[in-house]
Amino acid sequence: MRSIMRDGDDRTKRAVMRDEALRLFAESGPDAVSVRQIAQAAGVSPGLVVHHFGSKDGLRQDVDRHVLAVFEAVLGEVSANGPEGPEQTEGQARSLGAAVLHHLPEDSPVPAYLGRLLMSDTEAGRTLFHQLFELSLRTLEEMERAGQAVRGSDPQVRAAFLLVNDLALLLLRPRLTEVLGTDPLSAAGLERWAPEVMAVYGGGLTAEGTGDTA
Numbered sequence: 686m687r688s689i690m691r692d693g694d695d696r697t698k699r700a701v702m703r704d705e706a707l708r709l710f711a712e713s714g715p716d717a718v719s720v721r722q723i724a725q726a727a728g729v730s731p732g733l734v735v736h737h738f739g740s741k742d743g744l745r746q747d748v749d750r751h752v753l754a755v756f757e758a759v760l761g762e763v764s765a766n767g768p769e770g771p772e773q774t775e776g777q778a779r780s781l782g783a784a785v786l787h788h789l790p791e792d793s794p795v796p797a798y799l800g801r802l803l804m805s806d807t808e809a810g811r812t813l814f815h816q817l818f819e820l821s822l823r824t825l826e827e828m829e830r831a832g833q834a835v836r837g838s839d840p841q842v843r844a845a846f847l848l849v850n851d852l853a854l855l856l857l858r859p860r861l862t863e864v865l866g867t868d869p870l871s872a873a874g875l876e877r878w879a880p881e882v883m884a885v886y887g888g889g890l891t892a893e894g895t896g897d898t899a
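Read in the working numbering, the sequence shown has 735 at position 50, and its numbers run on one by one without any break.
One or more hints might be untrue.
As the list claims (entries may be wrong) - Distance windows between CB atoms, simulated:
id: 1; residue 1: Gly887; residue 2: Gly732; range: 53 to 61 Å
id: 2; residue 1: Ala831; residue 2: Asp868; range: 27 to 35 Å
id: 3; residue 1: Gln722; residue 2: Ala754; range: 21 to 29 Å
id: 4; residue 1: Glu829; residue 2: Gly739; range: 41 to 49 Å
As the list claims (entries may be wrong) - Dumping the calculated SDA-like pairs for lysine to any residue here, alpha-carbon to alpha-carbon at most 20 Å:
id: 5; residue 1: Lys698; residue 2: Ser719
id: 6; residue 1: Lys698; residue 2: Pro794
id: 7; residue 1: Lys741; residue 2: Ser713
id: 8; residue 1: Lys741; residue 2: Ala809
id: 9; residue 1: Lys741; residue 2: Ala758
id: 10; residue 1: Lys741; residue 2: Val729
No lab work stands behind these hints: they were computed from the structure.
Think of the CB as a built atom: it goes at the ideal place given N, C-alpha and C, for glycine as much as any other residue.
Please model the entire structure based on the sequences and the hints provided.
What follows is the structure in structure tokens.
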């Protein structure tokens with residue numbers, strides 16, 4: 686496999702190894718990827734991987750920390766902008782999916798790795814989910830203050846419900862792309878997705894949507 690290190694690539698070798706591990710882990714799962722495969726993808730020796738990270742488990746922990754840092758930036762943007770951020774396009778809800786699209790390229794392996802991280806029995810997975818849940822609670826409170834929602838009789842359950850729906854867009858992205866014919870996290874996909882979501886949230890399943898059905 687050709688290394689992703691190129692002329693003008695300003696990343697350190699450590700960052701390249703981490704990024705290649707992230708990509709391979711997202712594709713196949715950490716258990717199915719060897720140190721040798723990571724080294725080959727990064728264009729370095731297996732010994733250099735061990736030198737920097739100590740072991741594959743140490744490298745995985747570094748990948749987890751990196752993904753957490755990426756999502757902390759995403760969550761910071763969503764939290765700062767509120768349910769209707771300044772960069773929101775007409776008809777597009779400010780959401781976790783929209784923030785991910787803003788922060789990450791469409792071919793980023795981070796959303797796919799997120800799915801594995803959230804389903805893993807690891808401290809990083811638990812930490813990220815708790816952060817996402819707290820964000821959902823804050824967003825629901827902000828929407829209530831803006832007159833866009835009510836917290837209901839059980840705000841925690843309502844916030845969890847909203848979070849599960851938002852995460853489905855990330856975790857089921859490949860399957861949704863197959864059935865819809867559009868990547869739901871692309872700009873065009875969000876333009877389709879957001880009006881229907883907001884119509885259902887606002888009026889239930891009897892509401893008329895405004896999105897295209899192409």
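Please list, smallest to largest, the hint numbers that this structure does not respect. Violated: hint 9 alone.
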